[in-house]
Amino acid sequence: MTTFLGMPALPAFGSGNLFAGESFPKAAHRELGNAQLRANLGHATHTIRDKRQAVVSELPDWEQLRDAGSAIKESVMARLPELLEEFEANFTARGGVIHWARDAREANEIVAGLVRETGETEVVKVKSMATQEIGLNEYLEEQGIEAFETDLAELIVQLDHDKPSHILVPAIHKNRTEIRDIFLREMPGADPALTDDPPVLAMAAREHLRRKFLTAKVAVSGANFALADSGTLAVVESEGNGRMCLTLPETLITVMGIEKLLPTWQDLEVFMQLLPRSSTGERMNPYTSLWTGVTEGDGPQNVHLVLLDNGRSAALADEMGRSALHCIRCSACMNVCPVYERTGGHAYGSTYPGPIGAILSPLLTGIQAEENNSLPYASSLCGACYDACPVKINIPDILVHLRSVDVDSKRGTKKVPSQMDLGMKAASWALSSGRNLGLVEKGLPLGRLAAGRDKKIKKLPGIAGGWTQSRDIPAPPAQSFRDWWAKEHRDAGGSPGTPDGGPSSTPSPETKEAQQ
Amino acid sequence: MTAREDILTRIRAALQDSPEAPQVPREYRAASGMGADELIELLVDRLVDYKAQVAVVPESDVPARIASLLEGAKSFVVPEGLDAGWLAGADGGGASRRRLDSPAEPLSVAELDGIDAVVTGSAVAVAETGTIILDGSANQGRRAISLVPDHHICVVKAADIAGILPEALRRIDGTRPITMISGPSATSDIELERVEGVHGPRRLDVIIAR
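Residue numbers (the numbering used here), protein chains in the order written: chain A, 408 to 923; chain B, 114 to 323.
Think of the hints as simulated: they come from the structure by calculation, not from any bench.
From a predicted model like this one, the values you see are computed outputs, not experimental measurements.
Please note that the accuracy of each hint is not assured.
Said to hold, decoys possible - In the EDC-like style, the derived pairs of lysine to aspartate or glutamate whose C-alpha atoms are separated by at most 16 Å in a straight line are: (1) Lys458(A) / Glu304(B); (2) Lys624(A) / Glu495(A); (3) Lys619(A) / Glu553(A); (4) Lys619(A) / Asp273(B); (5) Lys458(A) / Asp226(B); (6) Lys458(A) / Glu306(B).
Claimed, not checked - Computed footprint of chain A on chain B; a stretch qualifies when at least three of its residues, placed anywhere within it, have a C-beta under 8 Å from a C-beta of chain A: (7) 124-130; (8) 164-171; (9) 177-191; (10) 216-224; (11) 237-247; (12) 285-292; (13) 310-320.
Just so you know, even glycine gets a beta-carbon here, dropped at the ideal spot from N, CA and C.
Modelling step: build the complete structure from the supplied sequences, incorporating the hints.
Below, the structure is given as structure tokens:
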């Protein structure tokens, strides 16, 4: 069996930290109760929005760069098998070793095996979404290997035994005072006089990690880009913890999703303009490191790359959804999202929160995995994410697409039709002809009865109750437009139902109000 | 089936609809068209914005500038291929201050940690983004030496300044070990406010030699 051409294969879905453990509305409800969280998020997302806007406006060719970025990524997806093989050949020719991992478990086992081969029991880590996704730290711990996160925000989250809530700034949900308290509690030898001034906190992290960097023998990283035509890997960072991990240890193990490829060195000029401005709102991030296999006398001499599928091939099979794989993990979409800004990242459950997470997580795991089918509804479809996306992923369209995949996947699975099924059936009948709709509209006075004296309906029954959870519905009009038209034109002598009834068709102020 | 075959088979199956690879529209700027003075002015502006210290000096003044920046340093490291003339004024504090790092005799990480400063050249710079690119050539040395010491003094020749990133990337070989540096190390991880100086050199001095 070497080819599946012409025959649909079963999608191989991803595993690991990709799941909403509870439905989004439930989780969001809980998170919204945390006023401190909302204040922290509001402050941080607005700060970054303004910074991003300023540096994006500076470039006269921002839209041309987005167009190029989008087309490059589309072409990567179309040519993925050949590009992976090209990258593999180039990286291997320069002394790197490539490993392939079907899923989270396989990737974890490969990394643990490589660490064991070195005889070490500690690794330093550069912030990486892929290793977060596969739950590498937890797996290594089970295997007796300690993983030290070295990015400041990851360090804060790790010290606090918490979970990341943002892909760029995992501790975005914590303010400076909370971070100071975590350091005092969890950092051995922290100065009791530590203040909550950010530069002071950053210095405390430097002291804490310095010895680790200088003595570490093994590092684990992710990668932002991989260039197929040269076999080059890139890590984009700010603090220098990336440079420390990528340069000083003897062994470097990188875990990267198969979708991170770019075809050529030239493509880097597009993405290194798009990524820093979209993510931290800087013209350029402080440090970017590029390495191609092994360089004698410079950096790690034992260099590995684990290429991770974990559901990416399944996402690729969805023709509408595959562009979610264009994502370069900049986080601009979450920073502008009105839903994310209020609920924070934990409500999404998965490693990937916010608008991109709401499409990526269900695409990687399959829509019916755990509660992931609730994620595509975690949006008002306002479209801010699409505008902000540097590679123009049409997130709102994919959200709507996944909602329909969700509904389709449930069709016919239950014997008793759901309220939604019945409602949709009824709507389909009512909207199929003017006569039917007219009949339904005869029921409007019933709604006025339900509204009572204050002319407001406060609670709708069943699933429609969601609508009245946070707002009232005004009483329906006494008559429908159709009824009014018919009456008006009969009175005026015009033939009922024709729209050109002349000046008398102007409704009186009273009837106008009744139609609203 | 190996994981490799399995994954490639899955991907090919996922692409059964044979999507077409689009032509990439490259209508973004390929060059800035800026003159030499403009390039220097813009690079200085960007570097200062990142809280790097910058001096623009005639090439003949580079040694004096380096010497004055190294005044407080008890020791400094240089790569083997650094222009020897640049250090003409820096050995005043005693030749023992200077440590040489070479492929034949590389310093250990612990030794580097005990050194106060590093002096390197650079491959190319990007004015628009305030970025200096090191590619591991002999006058820049291996990556560790410009990372571990806390003070990096970096010389940029005016001729090596490109206007925008695409121009700069065309000038370097991507398969070399490359570090792009835009200011001293920094973090925005606390409330998304930028703080300069974390794990990489906390002090970056750039000398632009015209």
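Each hint, compared with the structure:
1. Of the supplied pair hints, the one linking lysine 458(A) and glutamate 304(B) holds, its CA atoms being roughly 13 Å apart against a limit of 16 Å.
2. At most 16 Å may separate the alpha-carbon atoms for a hinted pair to count; lysine 624(A) and glutamate 495(A) exceed this at roughly 25 Å.
3. For the given pair, lysine 619(A) sits about 12 Å from glutamate 553(A) by alpha-carbon distance, which is consistent with the 16 Å threshold.
4. Between lysine 619(A) and aspartate 273(B), the direct Cα distance comes to roughly 36 Å. Violation of the 16 Å bound is thereby established for this hinted pair.
5. For a cut-off of 16 Å, the pair hint linking lysine 458(A) to aspartate 226(B) is broken: about 35 Å separates their Cα positions.
6. The hinted pair formed by lysine 458(A) and glutamate 306(B) meets the criterion: a straight-line CA distance of about 10 Å does not exceed 16 Å.
7. Counting residues of the region 124-130 of chain B whose beta carbon lies closer than 8 Å to any beta carbon of chain A gives 7, which meets the minimum of three for the stated coverage.
8. With 0 residues having a Cβ less than 8 Å from any Cβ of chain A, the region 164-171 of chain B misses the three-residue criterion, and the hint is violated.
9. Remark: the region 177-191 of chain B is not confirmed as covered by chain A, as 0 of its residues place a Cβ nearer than 8 Å to a Cβ of that chain, below the required three.
10. Counting residues of the region 216-224 of chain B whose beta-carbon sits less than 8 Å from any beta-carbon of chain A gives 4, enough to reach three: the coverage restraint holds.
11. With a cut-off of 8 Å between beta carbons, the region 237-247 of chain B has 5 residues touching chain A; three or more are needed, and the interface restraint holds.
12. By the rule of at least three residues with a Cβ nearer than 8 Å to a Cβ of chain A, the coverage given for the region 285-292 of chain B holds, with 6 such residues.
13. Counting residues of the region 310-320 of chain B whose C-beta lies closer than 8 Å to any C-beta of chain A gives 5; at least three are required, and the coverage claim holds.
Checked against the numbered hints given earlier, the structure breaks hints 2, 4, 5, 8 and 9 and satisfies all the rest.
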